[in-house]
Amino acid sequence: MNSHKVSIKQLAIISFILSVSFKVVMLPQYLSSYTGTSSYVTIMLAMGIEMFMFALIYKTISVNTVTRLDLPNYVIIPVLLALSFSQGAKLLTLSTSTVSYISSVLFDQGLTNFIVLTLLPVIAYISYSGGNNIGRIANVVLWFIIFSILFYVFFARARVNFYYLFPVLPENLSAGAYAYDKYIMWFGDFTPLLFLSISEKDANKKGTRTIVIAMLATYFIAVIFYVLFVVLFGNAGYMVSNAFSKMAVYNKISNLVGSIDFPIVCTWIMMAIIKLASLFYVLVQSFTHLFKKRGIVTISLTVILALLLRYAVNNLSAAHAFATGAVRYIVGGIDFAVPIALFATVKLRARERRKYNEKTAKE
Amino acid sequence: MKKLLKSKWIIIFCLVISLVVVDMLVYNVPLTGRGIVVGIGLDIENDSVVMTSQLLLARNGGVGSGLNNYATVTEKGETMVEVIERTSQRIAKTVSLAHCKLIALGKGVIEQGRFDLLEFFFRGDIIKDNTPIVVSNTTGEELIKAKVALNHISTFLLDQILLAERNAFGVTPMTLKHFFVNYATVNGSNHLPVAELVETEPPITENTEQKDKVYSIIVKSADVMSREGKILRLTERQTQGLSLIEDPPKDGTLSVDADCTHKAELKILDASYSNSIDLASRTVDISYTIKIKREKNMHCSPTVIPEHLTDNEKNRIKGDIAERIYDCFKICQENNLDVFNLYRMFYAKYGAKWKDLAGDEYIRDLKLNVSVKVEER
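Those sequence lines, one after another, are chains A and B.
To convert a position in the first sequence, counted from 1, into our numbering, add 142.
To convert a position in the second sequence, counted from 1, into our numbering, add 112.
Please note that the accuracy of each hint is not assured.
Here are the simulated BS3-like cross-link-like pairs (lysine-lysine), alpha carbons at most 30 Å apart as the crow flies [unchecked claim]:
#: 1; chain 1: B; residue 1: Lys120; chain 2: A; residue 2: Lys434
#: 2; chain 1: B; residue 1: Lys479; chain 2: A; residue 2: Lys151
#: 3; chain 1: B; residue 1: Lys461; chain 2: B; residue 2: Lys379
#: 4; chain 1: B; residue 1: Lys120; chain 2: A; residue 2: Lys435
#: 5; chain 1: B; residue 1: Lys120; chain 2: A; residue 2: Lys343
#: 6; chain 1: B; residue 1: Lys467; chain 2: A; residue 2: Lys324
#: 7; chain 1: B; residue 1: Lys465; chain 2: A; residue 2: Lys324
Read the hints as simulated data drawn from the structure, not as lab findings.
Work the whole structure out from these sequences, hints included.
Below is the structure:
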C-alpha cells in the first residue's frame, strides 16, 4: 500500500495507457479540423517529442521518485506545486471528456452528475492506494487491451482509401504546429511517471530493453491508429467525435451488437480510469508531501474536483475552451520544462557526487 | 481513519456505492418501454423534416413468444431532435436508434441538399456509422411504410437486399460513414443506391384475402449527386461501372455472348484494379483485373463443353467491363461529378502542384483509359 515503486512491466503498461488513452478519443477530431488528412503526420512528430520526454523521465525515475530526489525543499516544493497545477488542469479537462464520453456513448440520458459521483471515488481510491496499485491495475487491464485489439483485427471490415495518406509532407506545415500548440494539453503525457520509481530488482539492462520495446509499441500503435483514422474517414475526420468507439463499429458483427462495440468501450473506460487516477495521484503525492495527511488530502482533492466538475468545467465545450485557452501555455510549459530541469539536476547532482567521491578516494 | 482506508471493506463499499449510483444514473427504461427503431425514412416537406420510423415494439417474452409488433410512425418537425422527441411522445416510449438498419431518403432531401439531416446522425452517437442509406424513387415515408411480399417489413427486406449486394456485381451499398467521406471531398460527389417500389402480386395465403397493395423492392441503379443536391440517375450498366471501381466485386455473375451459343453466364470470383495518372496529359489509366469461372451452362452442344474461354470471348468481356466503367465516368464527367474521387489520386501524387492547376471543373479535363485483364479459373 502507498508505494511508488512499480515493476518495469507495470511502468511500460502505464506509460502506454498514459500516452494513448486520450489521444484516441477527441484528439483525432480536434487535430483533423486543423490538419485535415495530415493529422497522422502531426502525431508522428508529436509522438517523437513524447518519446524524448519519456526518455528523460525514465532516466530521472531510475534514480528515485520526484518527492524523494535529493533536492532541497526550496526546489522541490515549487516543482510539486507546478506539477500539481499542470496535472490538475489536465485532470479537469480529461475528466470532463470522460464523463461526456460515457454519458453520450453508453446512455440514452446519462446524468453527468451521477457519472461524476461514480467515477471520482474509484479514481481517488486508486490514487490514494499508491503508484504500485496503479501498476497492478494496469497489469490486469493489459489483457483487455490485447483482447480488444485482437477483436478489432480479426473482425474488422471497412472501406478504406490509402490515397488520403499522401502526400506525406503536409502542404501547410504550420497547421500541424498550430494544432499541436492548441491541443498541447493532450501531450506531455508522461509527467505523472515522475511520481513513480522503478523497483530495484528491475533496474537493469533487461529492464531498459523491455521499456524500449514498450515505447516503440506505444509510438507505432498511436501512429497506426491515426493512419487508420485517416484512411477510414478521409477529409471527414473533423466530424468524427469519439474516434475510438466510432472506429470500432467497422466490424463483421456490428449488425448483431448495434452501435456500440462493448469490448472497445469497456477497455477504453478502464484505460481512462488509470490515466485519470495517475493524474490524481500526482496531486495526492504532491499535497501529501506538503501536508502529510494522505487520507484528508485525498478526500479534500476529491471534493474540490467534484465541485469543479459540477460548477466550473461541467461540459465538453467548457473543457475545450479551458484546455485551449491561455492556461495551456502554463500547462505545456510545466509539462516540458519540469522534466527537463529535473533530469538536468539529477545528472548534475550525480556528476558532483562522482567528482566528490573521486576526490575523497584520492585523498 | 488510516486503518479504514487501508481495509478491503473500503473497496467493497466503493463498489456497492458505485453500482447503486450507476443504477441510478441510467434512466432505466425496460426493453418493453423502448421503441427500437429498425428503419427510418426522411423527407422534406415545406422546409420541415418528416421522419418515418419503423419501430419494433418489444413485448414481454421476446422474439420467442412471437409477440413483437412493428409499428410505423411519421412525425414532422423543424429539426431532427424535434422529430425524434415527437416520435417518443407519440409512442410513449423512448426512441432508440442503436439498432437502426436503414435510412431511406426521399428524393426531396437530396434535391434540396439537406444532408444536414444525415450529419446529425454522423456527428452523434445515437446511430451506428455503418448504417446503410438508400434513396427512394418516391419518398422515404412510402418506402418505409410499404407492405412488401414474403411477410417482411420493408426495412428488413432492404437490409437483406443490400447485404446480398455488398460483394456482388451490381449496386454498391452506401453507409452513413462512407457518405460523409465522399461528402467531404473537394468535389463532394456522392452516390446512393436507389430503392424502387414495384407493385406485385400479393402472396398466396391459406385463409386471408390480401386486399392491400403489395410491393417488391428493386435495387439495381444508383443516384449520383453533388453536395448541392444535383441528382443524376445512372443506368443499370453505369451503376455496375461505378460498383466495379468503388467496391470491386467478389461475387456475382457476368454474361457474355459466347462463340458457340447464346448468352453464357460467368461467375465473378474476384476483381481488383491499379491505376496510374499523368498530370501533363491529365490522364488516368486504370488496369482492371477480373477473375471469373465459367458456369456449367456454357456449352456448345449437349455434349461439347468448351474448356476455356476463347480470345474473342475474353475480348468481349474486356470491352464490356471497360465500357461500363467508362460510361459511368463519362456521364458523371459531363455533370461535373467526380464520382471516382480522381482529385485525390492527383493530389496524392502531385500535391500542391495539382491543387494550383485544378480548377472547379477539373473533372471535365480528365481522360480515362481502362484496360482489362480477364483471368479464368
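Agreement of Lys120 of chain B and Lys434 of chain A with the hint, judged by alpha carbon distance not exceeding 30 Å:
At roughly 23 Å apart (the allowed maximum being 30 Å), Lys434 of chain A and Lys120 of chain B satisfy the hint.
### Message
Check whether the Cα positions of Lys465 of chain B and Lys324 of chain A lie no farther apart than 30 Å.
### Response
holds (29 Å)
Requested in this report: Assess, step by step, whether the Cα of Lys120 of chain B is no farther than 30 Å from the Cα of Lys343 of chain A, and give holds or violated.
Outcome: At roughly 28 Å apart (the allowed maximum being 30 Å), Lys343 of chain A and Lys120 of chain B satisfy the hint.
### Query
Do the alpha carbons of Lys120 of chain B and Lys435 of chain A lie within 30 Å of each other, as the hint requires?
Roughly 20 Å separates the two Cα atoms, so the pair holds.
ask   = Does Lys379 of chain B lie within 30 Å of Lys461 of chain B when you go C-alpha to C-alpha?
value = It is violated: about 35 Å lies between the C-alpha atoms, which goes past 30 Å.
Would the pair Lys479 of chain B and Lys151 of chain A pass a check requiring their Cα atoms to be no farther apart than 30 Å? Not satisfied, since the Cα-Cα distance of roughly 57 Å exceeds 30 Å.
**Request:** Please work out if Lys467 of chain B and Lys324 of chain A have their alpha carbons no farther apart than 30 Å.
**Result:** holds (27 Å)
Comparing the model with each earlier hint shows violations of hints 2 and 3; every other hint is respected.
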